[in-house]
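Q: Residues per chain are reported as follows:
2 protein chains.
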Amino acid sequence: MIKIIVDCAGGDRSPDANIDGALAALEKKEDLSLVLTGDRDLLESRLAEKKFDGSRVEIVHAPDVIGCDEKPTDAIRLKKESSMMKAITLLRTDETGEYAGMVSTGSTGALVAASTLRIGRIPGVIRPAFCPVVPTLAGGVIGICDSGANVDITPDYLLQFAVMGSLYMKKVWGIENPRVGLLNIGVEAEKGDGLRRDAYPLLESCPEINFAGNMEARELLGGNFDLVVCDGFSGNVLIKSTEGACLGMLKKLKTDIMSSFVNKIGAMFMSGMFKREKQFMNYQNYGGSVLLGSSKTVVKGHGSSNATAVEKCIEQVYMTETGDLNREIGLSLARLNEGN
Amino acid sequence: MIKIIVDCAGGDRSPDANIDGALAALEKKEDLSLVLTGDRDLLESRLAEKKFDGSRVEIVHAPDVIGCDEKPTDAIRLKKESSMMKAITLLRTDETGEYAGMVSTGSTGALVAASTLRIGRIPGVIRPAFCPVVPTLAGGVIGICDSGANVDITPDYLLQFAVMGSLYMKKVWGIENPRVGLLNIGVEAEKGDGLRRDAYPLLESCPEINFAGNMEARELLGGNFDLVVCDGFSGNVLIKSTEGACLGMLKKLKTDIMSSFVNKIGAMFMSGMFKREKQFMNYQNYGGSVLLGSSKTVVKGHGSSNATAVEKCIEQVYMTETGDLNREIGLSLARLNEGN
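So the protein sequences, as listed, match chains A and B.
For what it's worth, our numbering labels the leading residue of the first sequence as 1, then goes sequentially.
For what it's worth, our numbering labels the leading residue of the second sequence as 1, then goes sequentially.
Hints may be right or wrong, so weigh each one.
Which copy? The list can't say, so a pair holds if one copy fits it or any two copies do.
Stated by the list, open to error - Quick list of in silico lysine-lysine cross-link-like pairs, DSSO-like style, CA-CA up to 27 angstroms:
| id | residue 1 | residue 2 |
| --- | --- | --- |
| 1 | 51 | 252 |
| 2 | 254 | 264 |
| 3 | 29 | 51 |
| 4 | 71 | 191 |
| 5 | 50 | 252 |
| 6 | 71 | 264 |
| 7 | 171 | 80 |
| 8 | 171 | 3 |
| 9 | 240 | 191 |
| 10 | 171 | 29 |
| 11 | 252 | 264 |
| 12 | 254 | 275 |
| 13 | 28 | 254 |
| 14 | 80 | 191 |
| 15 | 79 | 191 |
| 16 | 171 | 275 |
| 17 | 252 | 71 |
| 18 | 80 | 275 |
| 19 | 80 | 3 |
| 20 | 254 | 170 |
Bear in mind the hints are in silico, worked out from the structure with no lab data behind them.
Remember, it's a predicted structure, so these values are computed and weren't measured experimentally.
Take the sequences, apply the hints, and build the full model.
A: Here it is in structure tokens:
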């Protein structure tokens with residue numbers, strides 16, 4: 001049985017999206033069992049309306065919630081009774097390896113701080129890093145590591161992001177030999193700032209990854225890379241500007257269509273396509289950001305996650321467990337250290 | 001008479017796009033005169049086919065071209081007879097203030113190096129910075145400073161980018177009191193890396209600008225800011241990922257439309273709109289990136305610039321001259337220094 005903890009508060013659609021996503025995942029995986037953290041009365045009253053295998057669902061009472069505007073270090077220190085910290089504590093004290101990991105749609109800052117300070121890292125990992133995944137126009141996906149957990153970094157971090165991200169794209173997304181790009185402002189090896197120029201040879205000579213050179217930001221959706229490594233600041237800029245541009249373009253199209261009768265007729269013929277376009281850009285379908293390098297798997301769903309997104313996040317934890325991702329990351333980093 | 005130098009080689013569509021853009025600008029502005037640098041025979045043979053006021057066009061012979069793959073510092077040292085370096089030299093030796101500035105669609109690296117090393121800076125400027133402009137979904141434009149000239153910077157740079165960019169958005173794009181955003185990974189003042197956390201109070205307390213707080217990357221096209229300041233690395237990521245996502249989405253829509261007969265009928269009704277959408281995203285309509293802080297105005301057009309783009313670039317130099325931009329930048333920075 002694979003046991004996963006779901007933080008059922010803190011998201012924009014909590015607890016409903018979290019509960020519905022959890023039960024959907026439960027229905028699909030027979031060897032999955034879940035621990036839901038949150039207000040017991042609230043969760044029980046919602047669960048009372050649902051049909052599911054009660055023997056595989058447990059509630060851990062957590063009356064408190066960490067808000068998105070709370071200072072992370074204060075929140076994890078003061079809000080021990082919050083749904084997030086209860087989940088973290090279960091992982092922290094899990095000496096027998098009972099839990100595969102957790103999913104949260106709450107405060108990103110608090111989750112990173114709590115994971116780093118309370119759960120700890122896989123041996124050899126400098127710092128855990130987020131690795132969200134976005135769809136490419138070629139029909140595949142690309143991972144982005146780091147997307148915001150580490151903003152002040154050194155070249156060693158980028159090498160570790162590449163190693164961890166490659167294993168993740170292989171184990172969870174089924175990409176056999178992920179092509180790794182280094183986010184840069186030009187394709188030549190000597191381009192970029194000091195960080196990138198120093199990281200390039202490290203990546204190029206690393207036997208644990210399939211380095212494909214520098215990747216310019218405009219290539220993100222092009223399908224020529226399976227993983228891009230970057231500092232958390234530029235990774236955050238990369239993913240958010242892409243998201244903003246795609247959603248903005250769709251919104252603009254919609255406004256323009258509604259402004260003209262002729263366009264409206266056209267849009268009627270194309271409505272099926274527009275629905276698919278919107279699904280393509282719907283990040284809910286691609287789950288959450290896994291915090292790679294944490295010794296227990298932590299997946300952060302978007303604050304606005306719906307049930308589908310939560311279900312995908314649970315599936316991501318499930319697959320890191322069946323793929324033995326964290327152990328593989330430890331082994332790969334150990335081989336690297338031996339090589340040096 | 002406002003005299004502007006146009007480098008007529010080095011771009012993907014040189015010299016034709018450069019010549020056609022130059023002549024289009026010439027036709028619109030009666031007080032404009034142009035110096036074209038490039039191979040005299042080639043330029044003369046192309047000009048022989050055109051109708052224009054010959055008294056306002058001069059050719060400076062430059063038989064050589066700097067390629068985009070050449071190392072910038074080598075190129076500017078060894079290729080003195082190139083069209084770009086001839087233009088730079090005219091500006092460098094212009095003691096009487098004859099020229100308003102130059103436009104080039106050639107190598108970005110060589111142009112930055114040549115401007116910095118040969119032309120020099122406006123007094124008080126630490127380093128010149130690029131400021132391209134992109135359209136927003138609200139119908140306006142937003143400047144991005146820096147977009148790639150400076151990748152390793154300190155908070156002082158960001159303050160200067162804000163001052164220079166604000167004056168540019170006012171003088172050339174007609175925005176009276178530009179709202180300045182600091183590119184960051186969250187909106188709160190304490191977000192980001194050390195660079196951003198240190199820059200925030202500098203921007204907030206600066207009387208020369210209208211600081212509107214941190215701007216997340218997804219807000220770029222939203223219309224709530226007129227200028228965003230950033231290091232050249234993340235600025236480059238911001239603009240290129242936005243460009244890539246917008247063009248990628250349009251391409252995907254086109255492919256999807258052509259894959260279905262029903263969609264094709266729909267698209268027929270909407271063809272006018274699609275054309276306008278494409279125009280909206282056509283960066284050619286927004287000219288080039290001005291290198292703010294250079295003591296002579298230098299505008300870099302995209303390598304693939306067509307005649308319209310080159311014409312816009314010339315217009316940008318023209319407007320920095322009529323708006324007395326460089327002098328205003330010097331005065332603004334001097335006031336800032338006095339205040340400290």
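Q: Now tell me, hint by hint, if it's right for this structure.
A: Here is how each hint holds up against the structure:
1. 51 x 252: neither (41 angstroms within a copy, 41 angstroms between copies)
2. 254 x 264: both (10 angstroms within a copy, 18 angstroms between copies)
3. 29 x 51: Close inside one copy (15 angstroms), not across copies (75 angstroms); limit 27 angstroms.
4. 71 x 191: Classified as between; 11 angstroms across copies, 37 angstroms inside a copy.
5. 50 x 252: neither (39 angstroms within a copy, 40 angstroms between copies)
6. 71 x 264: Neither. Shortest intra-copy (47 angstroms) and inter-copy (52 angstroms) distances fail the 27 angstroms Cα cut-off.
7. 171 x 80: Neither. Shortest intra-copy (33 angstroms) and inter-copy (55 angstroms) distances fail the 27 angstroms Cα cut-off.
8. 171 x 3: Classified as within; 19 angstroms inside a copy, 62 angstroms across copies.
9. 240 x 191: Both ways: residue 240 and residue 191 sit 23 angstroms apart in one copy and 15 angstroms across, limit 27 angstroms.
10. 171 x 29: within (18 angstroms within a copy, 62 angstroms between copies)
11. 252 x 264: both (14 angstroms within a copy, 20 angstroms between copies)
12. 254 x 275: both (12 angstroms within a copy, 15 angstroms between copies)
13. 28 x 254: neither (36 angstroms within a copy, 36 angstroms between copies)
14. 80 x 191: between (46 angstroms within a copy, 24 angstroms between copies)
15. 79 x 191: Between copies, since 22 angstroms is at most 27 angstroms while 45 angstroms is not.
16. 171 x 275: Classified as neither: same-chain Cα gap 30 angstroms, cross-chain 43 angstroms, threshold 27 angstroms.
17. 252 x 71: Neither: 36 angstroms inside a chain and 41 angstroms across chains, both beyond 27 angstroms.
18. 80 x 275: neither (43 angstroms within a copy, 56 angstroms between copies)
19. 80 x 3: within (22 angstroms within a copy, 70 angstroms between copies)
20. 254 x 170: Neither, since 37 angstroms and 31 angstroms both go past 27 angstroms.
Hint check: violations occur at hints 1, 5, 6, 7, 13, 16, 17, 18 and 20; the rest are consistent with the structure.
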